[in-house]
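**Q** Each chain, letter by letter, is given below.
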Amino acid sequence: MSGESLGSVRRAFAPWTDPDAKPFVCFKGVTKRFGPVMAVDAVSLDIFEREFFSLLGPSGCGKTTLLRMLAGFETANTGYIFLDGVNISEVPPHRRPVNMMFQSYALFPHMTVEQNIAFGLRQESGVSKAAMADRTAEMLKLVQLEGYGKRRPNQLSGGQQQRVALARSLAKRPKVLLLDEPLGALDKKLREETQFELMDLQMDLGLTFIIVTHDQEEAMTVSDRIAVMNEGRLVQVATPGEIYEQPKTRYVADFLGSINLFDGTLASRNGAAAVVETGAAGPLHVLIDEGTELAGSATIGVRPEKISIGFDRPNGAGRLNTVKGEIWDIAYYGDLSTYHVKLSSGTIVKVTVTNTTRLVERPIGWDDEVWLAWPPEAGILIAE
Amino acid sequence: MNARLSTFNMVSLVAGFAFLYLPIVILIIYSFNESRLVTVWGGFSTRWYVALFQNQQLLDAAWVTVRIAFLSATVAAVLGTLAAIALVRFGRFHGRTLFSGMVYAPLVMPEVITGLSLLLLFVAIGLDRGFWTVTLAHITFSMCFVAVVVQSRLLSFDRSLEEAAADLGCPPVKVFLVVTLPIILPAVVAGWLLAFTLSLDDLVIASFTSGPGATTLPMRIYSAVRLGVTPEINAVCTILIVFVTVGVIAASLAGKWHAAKAGRV
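Those protein sequence lines, which keep their order, are chains W and C. In terms of numbering that gives the first Met the number 0, the first sequence opens at residue 0 and continues consecutively. In terms of numbering that gives the first Met the number 0, the second sequence opens at residue 0 and continues consecutively.
Hints may contain errors.
What the hints assert, rightly or not - List time: in silico DMTMM-like cross-link candidates among lysine to aspartate or glutamate, alpha-carbon distance up to 20 Å: (1) W:K174 with C:E162; (2) C:K173 with W:E123; (3) W:K323 with W:E304.
Just so you know, the hints here were simulated from the structure itself, not pulled from any lab data. Since we're looking at a predicted model, the values are computed, not measured.
Please take these sequences and the hints and turn them into a complete structure.
**A** What follows is the structure, encoded as C-alpha cells:
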C-alpha cells in the first residue's frame, strides 16, 4: 500500500512528476507584506497547464492574497510571477490574460445578465456584435441559464448568480481561471453538485483552474493538486491522496480530515518497521524508510478509519499495534460511527467505522472495553 | 407599528406640524389675497402672481438665482464627488484628517463667517463682486453636502465590482465611468439637488459676496420686505417654496429609489 499509490488515482495526468514539463503559472520567491503582517512569505510554486489547482488553508493564511497577486490586484513586494513563460509581475490587471470569479460574484447590478457576460468581450477591440451575441448565448447555455439573459442579477437566486459569475469569467476564454471561494455562499447540496460541474467544465474546456478555498472536502474533490498554506507559507503541495495519506507535517495532518497523533521517541527497528515508544499508547510500529536514523522524537499519525475496533484482542499480523481502551463517546452519523476511545493513559483515540449492516448482534456501547488495532503501514511517521 | 394613534400622539403630531408649517401655509394663503394689505383678507385673487410676472426686477433676480444655483450645484456635484472618492478610496494618506476636516468645515461654519471670509478674500485678490463671486461662494459651501451624500454611498460600494471590471479588461478610467459612476449616480444626483436648493435659498452668503447686477431672489425679497411686505412677496415665496419642496422630494426619492434597488440585490 505505501509507496505505490496514495488515495484514488483520478486520471493519468501528472505533469508535476515530469521534470521536463514547463510550468504554466510560476510564482518565484513571491512575498507580500501588509504593514507588519507577512501575508505571503517567499512562495515559489509551479502550476501546470490544464491543472485544477487548489490553494487551501484557514482564513488569513495568504491564499487569497496569492490569487489576487496573480490577478494583478496586489503587487508583490519581492519575487516574480510568470504566466506561460512571460513575467507578468508588472502588468496591470486589465491586461492580464487571466479572469477571476469573485467570492461575492461581483455582478454589475446595473446591467442585465447578458451585459454582464458580454462585458469582457466589449472591452476587446474587434469583436463584432454578432460574435459577442453568439459567445454570450454559448456561455448562457454552458451554465444552463438560457432564457435568463434579460434579467438583472438581483432577480436571480444565489445559485443562478454564481453561474452568471462563472459564465462572465469564462466568456473571454482566459488562459487561467481564478476562483475565489466560488461555492462559499451555496448550501451544501448545491455546493456538491456544483463541484462536479466545475470539474466537468474544466475538463471539457481544457483550462487551468486555480481555486482558493478553506473547505478541505471541496479541495479534495475537485483538485489535481492541493497547496496547503499556513501563515503565508506553502506547507505541502501534493495530490489530494498524498496530502491525506502522507502529510509532511503535523499541521497538514491535522488540517485535512481527522487524525490521532501519538508523540514519542524512535527506539528500535523491527523488520521493515520502526518502534516508537509513545507515552500515550506504549510501543507502536510504523513503516520507515531504510536509511532513517533511529533516534530522536517522532510523531505517529493514524487516521480514525484505519483503526479496527472489537471486543477481542486481535491475533496475527494485526497484533503489532494493539491498544486497550474503553468507549468514552459515540458519534453516530448514520453511514459512519465515530468512537472516542479512552486509553489507560487518558488519551482519547478516534475510530471511525462504516455501518455496513443494519442489525448488529452486540453493538459497541458506552463504557465498553474494546481493543484497537492497526497494521504498521496504516501509521504515518511525521518526523517534525 | 401601532394601528391606532393615541389621543396624545395625535395632538403632539398636529401641534408639531402646525408649529412647523402653519406660518408657511398662512404665507401661501395670503399670496392669493385680493387686498393690498398683507394681514387683511380681501378675497381670492391671483393678481399678485400677475404683478409678479410684470416685475422685471424680481424676474431678473430669479433668473440670476436659477443660473447661479444650476452652475454652482453642477460644479459642487463634481468637486464633492471627487472629494468623497479621495476620502473613501485613498486610505490613510498624509493629511487625510486635515483634508476631511476642511471638506466638512462649511457644514458647521456659521454662514456669516463663511460669507465674510469669502468677501475679504475677493476684495484682497481684487475680484469684482457679482455673478461669479456668488457662484464661487455657493460652490464652496454646497460642495461639502455633496461630499457627505456621495461618501456614504461609496462606503457601501463593493470594491470587487471595480476589480471585476478591471479583471475583464476594462482600463481604470473606463471602470469609473461604466461601473462606479452609474452605481453611485443616485447619490450624486441627490447631492446635486441638495446643492441646488441650498444655493436657491441662500441669503447670507450671497449678501456678502454679491455685487451690483447680481442680486439674487432671496436678497431682493429681503430688501423688499424691509420696505413693507406686499402680497407680491408672498407670491414669490410661494413659488420658491414649491421649487425647494420639489427639489428636496426629488432628492429623497432618488435616494429611496436607489436604496430599494440595492435592497433587492
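**Q** None of the hints should be skipped; say for each whether it holds.
**A** Tested hints:
1. Between K174 (chain W) and E162 (chain C) the CA atoms are separated by roughly 18 Å; this keeps the pair inside 20 Å, and the hint holds.
2. Simply put, K173 (chain C) and E123 (chain W) have alpha-carbon atoms about 13 Å apart, close enough for the 20 Å limit, and the pair holds.
3. Simply put, K323 (chain W) and E304 (chain W) have alpha-carbon atoms about 17 Å apart, close enough for the 20 Å limit, and the pair holds.
In this structure, every one of the numbered hints holds.
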